[in-house]
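Visitor: Protein sequences, first through last, are from chains P and H. So in this note's numbering, spot 267 of the first sequence is number 267, and the numbers just go up one at a time. So in this note's numbering, spot 136 of the second sequence is number 136, and the numbers just go up one at a time.
All the given hints hold, so there is nothing to weed out.
Lysine to any residue pairs mimicking SDA-like chemistry, simulated, CA-CA at most 25 Å apart: (1) P/K46 x H/Y107; (2) P/K259 x H/A21; (3) H/K67 x P/I10; (4) H/K67 x P/S382; (5) P/K46 x H/M125; (6) H/K82 x P/L13; (7) H/K67 x P/V328; (8) H/K82 x P/F9; (9) P/K393 x H/F74; (10) H/K117 x P/L40; (11) P/K387 x H/S80; (12) P/K259 x H/V15; (13) P/K46 x H/M121; (14) H/K13 x P/N269; (15) H/K67 x H/E149; (16) H/K82 x P/A11; (17) P/K387 x H/F79.
Heads up, incomplete: computed chain P residues facing chain H, CB under 10 Å, no partners named: (18) F12; (19) I15; (20) M47; (21) F48; (22) A242; (23) S278.
Note that these hints are calculated values from the structure, not bench results. These numbers were taken from a predicted model, which means no experiment stands behind them. The beta-carbon is built from N, C-alpha and C at its ideal position, and this holds for glycine as well.
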Amino acid sequence: MIFAVILLFIAFLLIGIPISLVLAITSISYLLMADMTTLLSSAPQKMFSGLDNFGLLAIPLFMLAGELMNGGGITKRLVGFAKVFIGHYRGGLAYVAVVANMFLASILGSANAQAAMMSKVMVPEMEKEGYSREFSSAITLASSIVAPVIPPSMLFIIYGTLTGASIADLFMAGIIPGFMLGIGFIIVIGMMNHKQQFPKSEKASFNTFIKSFVRVLPAMLIPFTIIFGILGGVFTPTESAAIACVIAFVIGFVYRELKLKMLPTILVNTVVNTATISFLIVTANLFGFIIAYEQIPQLVAESMLNLSDNPLVFLLLVNIFLLLIGTVLDGIAALIILVPVMMPLLATYQIDPVHFGVIICINLTIGLLTPPVGTGLFIVSSIADVKFERLVKAIMPFLGMAILVLLILTYWEDAVMWIPNLYKD
Amino acid sequence: MNTFSGWIESVEKVVGMILIAAMTLVIAAAVVFRYFFHSPLFWANEASIYMMAWITFIGGSLGLKYKSQASITFLVDRFSIKGKRILAIVSYGIILIFMAILLYLSYEWVILASDQKSTSMRIPMWIPYLSVPVGLTCAFIHLLNHFVELFKGKLQGGEPI
Chain P
1 MIFAVILLFI AFLLIGIPIS LVLAITSISY LLMADMTTLL SSAPQKMFSG LDNFGLLAIP
61 LFMLAGELMN GGGITKRLVG FAKVFIGHYR GGLAYVAVVA NMFLASILGS ANAQAAMMSK
121 VMVPEMEKEG YSREFSSAIT LASSIVAPVI PPSMLFIIYG TLTGASIADL FMAGIIPGFM
181 LGIGFIIVIG MMNHKQQFPK SEKASFNTFI KSFVRVLPAM LIPFTIIFGI LGGVFTPTES
241 AAIACVIAFV IGFVYRELKL KMLPTILVNT VVNTATISFL IVTANLFGFI IAYEQIPQLV
301 AESMLNLSDN PLVFLLLVNI FLLLIGTVLD GIAALIILVP VMMPLLATYQ IDPVHFGVII
361 CINLTIGLLT PPVGTGLFIV SSIADVKFER LVKAIMPFLG MAILVLLILT YWEDAVMWIP
421 NLYKD
Chain H
1 MNTFSGWIES VEKVVGMILI AAMTLVIAAA VVFRYFFHSP LFWANEASIY MMAWITFIGG
61 SLGLKYKSQA SITFLVDRFS IKGKRILAIV SYGIILIFMA ILLYLSYEWV ILASDQKSTS
121 MRIPMWIPYL SVPVGLTCAF IHLLNHFVEL FKGKLQGGEP I
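So that you can see chain P by itself, here it is in the shape it has in the complex:
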């Protein structure tokens, strides 16, 4: 019977029913077919209890902070600052795209949101200085994947609430991998720089340098508060997100770009965007109950162990599997559905849940860059008006680098775990 349910699940997904509803519909049909009336009547309870987690509240709060900063005109200030720093080197603006994305990643937690914000500012700027539109869009999109790796991160929050792994640890664990991705992309640009000569901007005067530094300083309060607030034990990630909202709100007015009349739209956007994630968590909680009831995780664990008892082989298989899944399924949905199935395997293979979390979150973020379903590709190709196919071609070198970094992080656990272990001692 479970196979009938799995077939239904796949069929419902393929005819285009939203994933969140597919999870609920499949669960209900399973309970009806198995004639489990008691469990059926507790289905709403199972859904509701998916939300009973304070860590989850960080999702709307970081989203709200991001929306407020978006209205507050943060992107062009970050780009301006990165430009006076490194814009005068050959290929300067390409490096600026990477560095500004890393700065923005320390404020935002979602790659899609960041790709949309950055490509609006960065692509026209780069085109003006003579870069091709495909290349500009590709580098902006590729480097936006540091958003959920450098804290704060929506994916880490979701992974933490699903598994019970500390969200604070996950945030800290993402810092080095985030920098490695950024450096990786810089290396790719450097190599391309040799073949084709990229343009460079004029060197900024010391005065402009100071000026753009002062303009960007208030915005940098946010990552500072988040990282040191959590490190110092002043507040939890969720509370740091609420404080970030308050700061973002004040900064928006300091920059004179946030207007009170923008607030209703900002708040409604936050509600709708939050629910696309949390509603999925709600229905996945019901679905996860059925998965557990049918002992799917145990089945997966047994067949994995038959394959190999080497954790490195296991991680490699997980990486390949997730990269493939990521090409057709939205990353957040994949995370919410698959993590409960994979969790029991971690103890068997003695893999640290925080290390695992960083690996699978980076892996699923890479899915934003892979056709046919990479959401990042769709967002940027429509905002920057680039043909989907040409963007796919231009993104390939960066996609390759991202996968390389992922593999390095998979086998070099210390790079991930160094900072979280540091602050624990």
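Could you slot chain H onto chain P? The hints should help.
Guide: Structure of chain H alone, referenced to chain P:
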């Protein structure tokens, strides 16, 4: 039907706005009270989790109205316009049937749980629980509206549901 769905949409938007703003303020205030006044707000965590429940179900309903929930479209995209329309009608049919079952279950659940009290605030549990049937009812109306529009030919089908 369309006006009714639109009317519900505007109520949902106002409620959602108020809730998200209130939740942010409550959590920020909790930090200030604990850290500066050393008197933690004992009810803050529970209250904000319940607000999140309402945000989730109201926002989920709005997300279905705006068709902004993630779905898999690469197969649907390959169909002809007529094929897409048929697929959309089938999908909405399935969704509405199961939505009706879930609605029935959730109303029954809220009524059964009506005398439970929450752990820290001691408020009746139907206050947070009601978010499930209310959100799903609104979602049902929005989806029914899309379904009707699809039949009238105003919606083409093929766009994500």
